[in-house]
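> Here is what each chain is made of, one letter per residue.
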Amino acid sequence: MQSRSNNILSRLDWVVVFIWMALMAISVISIYAAVYDDEARGIFDLSTRSGMQALWIGVALIIATFTLIIESRFYYVFAQILYGLSILLMIATLIFGREINGNKSWLYVGPIGLQPVEFMKLATALMLAKIMSPHSFRLQHFSDFMKALMVVAVPMALTFLQHDTGSALVFTAFIIVFYRAGLKPWIIMTCIFLIFLFILSLLLTEEATLILLGGLVLAIFMVTTRKFKLGFIGVAIIAAITCTLHYFLLLFDAEFELYESLLIAYASILPFAIIYALWNKLQYVLLLVGLFVLSVGLSFSVDYIFDNVLKEHQRNRINDTLGIVSDLKGAGYNVYQSKVAIGSGGFLGKGFLEGTQTKFNFIPEQSTDFIFCTIGEEWGFIGSLVVVGLYLLLLTRILNIAERQKKLFAKLCGYGVAAILFFHMGVNIGMTIGIMPVVGIPLPFVSYGGSSLWTFTILLFILLKLDVARYE
Amino acid sequence: MNEFANRKTYIIGFIILICGVILSRLFYMQVVDSTYKRASDRNVLRYEIQYPARGLIFDRNGELLVGNQTVYDIMVIPREVKDFDTLALSNILEIPKYQIRSTLETIKGKAKKLAAYQPALFRKQVSAEVYAMLQEKWFRFPGFYVQPRSIRSYPRKLAGNLIGYIGEADTANVSGDPFYVQGSYIGKIGIERSYENILRGKRGVSIYMRDVYNRVKESYAGGAYDTVAVAGSDIICSIDADLQEYGEKLMQNKVGSVVALEPATGEILAMVSAPNFDPAIYIDAHRAAERAEVGLDPLKPLFNRAVMAQYPPGSTFKTLNALIALQEGTATPATTYSCDGGYHYGKRKVGCHGHPSPINMVQSVQMSCNTYYCHLFRGILDNPTYGSTQNGFNVWRRHIESFGIGRKLDTDIPNELRGILPTAATYDRMHGVGRWKSLSIISLSIGQGELGVTPLHMANYAATIANRGFYYTPHVARQIKGQKLDKRFLTPHPTTISFSHFNPIVQGMYLAVNGGPGGTATIAKIPDIDLCGKTGTAQNPHGEDHSVFICFAPRENPKIAIAVYVENGGFGARWAAPIASLMIEKYLKRTVARPWMENYVMSGDLLYPNAVKKQ
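If you read the protein sequences in the order shown, they are chains A and B.
Counting in this note's numbering, the final residue of the first sequence is number 1456, and the numbers go up one at a time with none missing.
Counting in this note's numbering, the final residue of the second sequence is number 787, and the numbers go up one at a time with none missing.
Hints are computed from structural coordinates only; laboratory data are not their basis.
Careful, some of the hints might be misleading.
Unchecked claim - Simulated crosslink set (DSSO-like; lysine-lysine; CA at most 27 Å straight-line): (1) A:K1390 - B:K180; (2) B:K180 - A:K1131; (3) A:K1334 - B:K209; (4) A:K1211 - A:K1265; (5) A:K1168 - A:K1391; (6) B:K254 - B:K282; (7) B:K659 - B:K374; (8) B:K296 - B:K360; (9) B:K296 - B:K282; (10) B:K360 - B:K656; (11) A:K1168 - B:K180; (12) B:K296 - B:K374; (13) B:K180 - A:K1391; (14) A:K1295 - A:K1088; (15) A:K1265 - A:K1168.
Said to hold, decoys possible - Some chain B residues close to chain A (C-beta under 7 Å, calculated; not the full set): (16) F176; (17) R179; (18) C191.
In this text the structure is predicted, and so the values were computed from the model without any measurement.
Note that beta-carbon positions come from the ideal geometry of N, C-alpha and C, so glycine has one too.
Using the sequences plus the hints, can you model the full thing?
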């Protein structure tokens, strides 16, 4: 026993542990500042949130120790059971959960409340790693890919059903694990393109989107095939048809909107493009044409989805982030106040307990989701740099640990942990500075709250345990 | 799966990219862009303005005309109101219970969430007694408190139009001057307005930090940027409160104006505009009905007739025509004309009243002969030296202008009007260029026709005669604490008439009052005082003529000059002359020894014909 704990301590990756502790120390200080007022009591007073957070951190230390003591094979063997239990808890929450702020994501056992989705993230990371780890597993095989996809899709769907959009989106982070496991880059490119298309269709008018997409396809065609003359003829024909329809037919009382004219022009030139591609056996051109049709279709359905599928508060948040509609008193209030707090911090910050926006409660949810405001205001750009730097260091360290694992399970676990932490960090800080929509997810190790802190701690220490045990 | 090991590099690259985006955005927000710093100050800093006490206004003898008094407004902080005994509060404030509830509901409705910590006005201006009673029972009404506020007080209830009043600043004031915010007070008319910058003092400011509920938390930077309010300067004005009060009594139930000046300085001793109003109604929250009444009165008490009403000067103007004739050499004191009851030209005539004939210049003033001035006026205008009537008219006009007539005197009383003094162009328009002669405008000789003067113009004219040829710009400020009086009140304005020419005119005015039979103003005679005066009757196409009188006393080294206009008062000697005479007696002797005359004037009621006309 003695030698074993010595083994653990000597093989433990202390860099990660120090970063973990540093972030938790920053957490207590920031939460103290966030809830500080004239009648403020001590930083560790248990009637304040900073005191409670200190208590949670104490518990986290114990949990971390247990996580390290448990046999490393446990995590591999019990991954399915943990995953299954979490799924059951999620379903139970859907049925018995208490609704808070429109979210049905809390399950109460007597006075103790917990958010099963936190454990779901953890279980999904383990389960995904386990399902991908057999040597026979090939992501390129459709059945294997679908299996892996289901592991992520089911909990994600359940989280959506709980109306907890923020947490549901966290599951998209596992794309990093998929990528490392061999997902074809074009799938990822397509995903990025779709997101880009989504934002584009919301920002631009129909005409602009159509012109941009058409231009893009023609440009790709011309650059790859070097047939510039043909390309320009295409442009000329499209322009001619559009102008005829939109401007000259007005004389005959036929009314075509600009985007309708453009659509007709594209549609009439499409058959020729397909014939041309088939004639010259240019599969690439055929693909390009297909992609173009798909994009146009998607771009038009985005407006439909946005107006009819998304809920109003989600629409508001997206509008606010994209700067389309800004309502400083309504949906944009949090983000505006958050930006004011961070932006007024300056280079060196206003100093500990000197942040006026922080101290006088201008930012709602400041000790939880918007904790980064306190850091930005009181410690300025230097403080923000330190915190972002700590995360960057932590993430690269985790990826290095992952790569040095011999067991595929441990390796993919590492990527899962990094993916979850990275997504939380990026989206949380992104929303406080107004470059991401407001989704209620915590800043790992820093935001106030026991269950998220413990989940992140377990996640981190499972990886550390697997790392310690890598020679066994 | 190790064939994908190099993908770690791409993933780390992506993570670094995102961190880079976040950090550059942070750098831009925190270091480059300063808008967020300003927004933060706007969020947190609350500028609490410390209002200075407004300067006081005294009369020339040091008597307080406008003071400050403290009133108590009951304020309420909606968020802090708990259940309380509405009946007890209703008894103390003497307002019904339901009114307390409904007022509170209205305030709460307006306050909603964020303003619930902001104090709101519950009831304006409760008395000191109510305040004392509330002080004892404070603990019973949580959320309520009393805010003392300084308002104006008017111990003498005098000269509403001259002193003016203060009221809440309007949008134009607020946007035009950072001193004012919504709800701060500003002088609206009279001295309160013209000396606003002196009376208002300097505002102080305390900067506090507040939280999201607008609750004050602490002083900003330990009070380093706070400033102290400086009280406004007091003004000693030239008004003699007793004389002013006496004038207002004499003018009761009449419409018109009395302006008294000290000729040697241009100081305004009294300025009565009748009917008057009590300025106190504009500061008392519970006197809205009286404010409405004053605002709707057809006799327009808010209209300061002393500087805003324009009347023809009437026969008082003859003295000025005589002075011009003397200066231009077209007549001498010995020039004599005979009068057969009027001045005839063609089939028309300017009528005159019965008096001895022929008469010289002194007698013409004494008896106010119309015929004499028709001759004199034509003499001036048709003087062959100038070549044409137009040129002659321009010479005549320049003399008139030098007395301040036809332009603003530039006093320190707001809304002063310039009056009407026609130019040659006026007559060119009326009759055609070059198609008018001295006869076309003969009415000007006796102060009728296209002429308009304010009572202040006339008082200033009387003072100019008293000074024998110069005047100081009339003004009401005598002394401003800590400041010098404006230079424009300290420089004499010479007229175009030489000193020596005034003697026959003054002699005529003296005889008009003291010369026995034939004098038009003998009613104004005061034993032991050498009063010089000239009556006038301003023709009024809308009804009975206006009674006019200008005078000064004593004859040598004059102490006071007065102009009186009584609308629809008929001949100058009927109302205006007795009023001016009584005013002078009051000022020079401090008591009036002619109770019969006092009684006659004070009981005179001329409002009735006005009322009939209005219907």
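> Report the numbers of all earlier hints that the structure fails to satisfy, in ascending order.
Violated: none.
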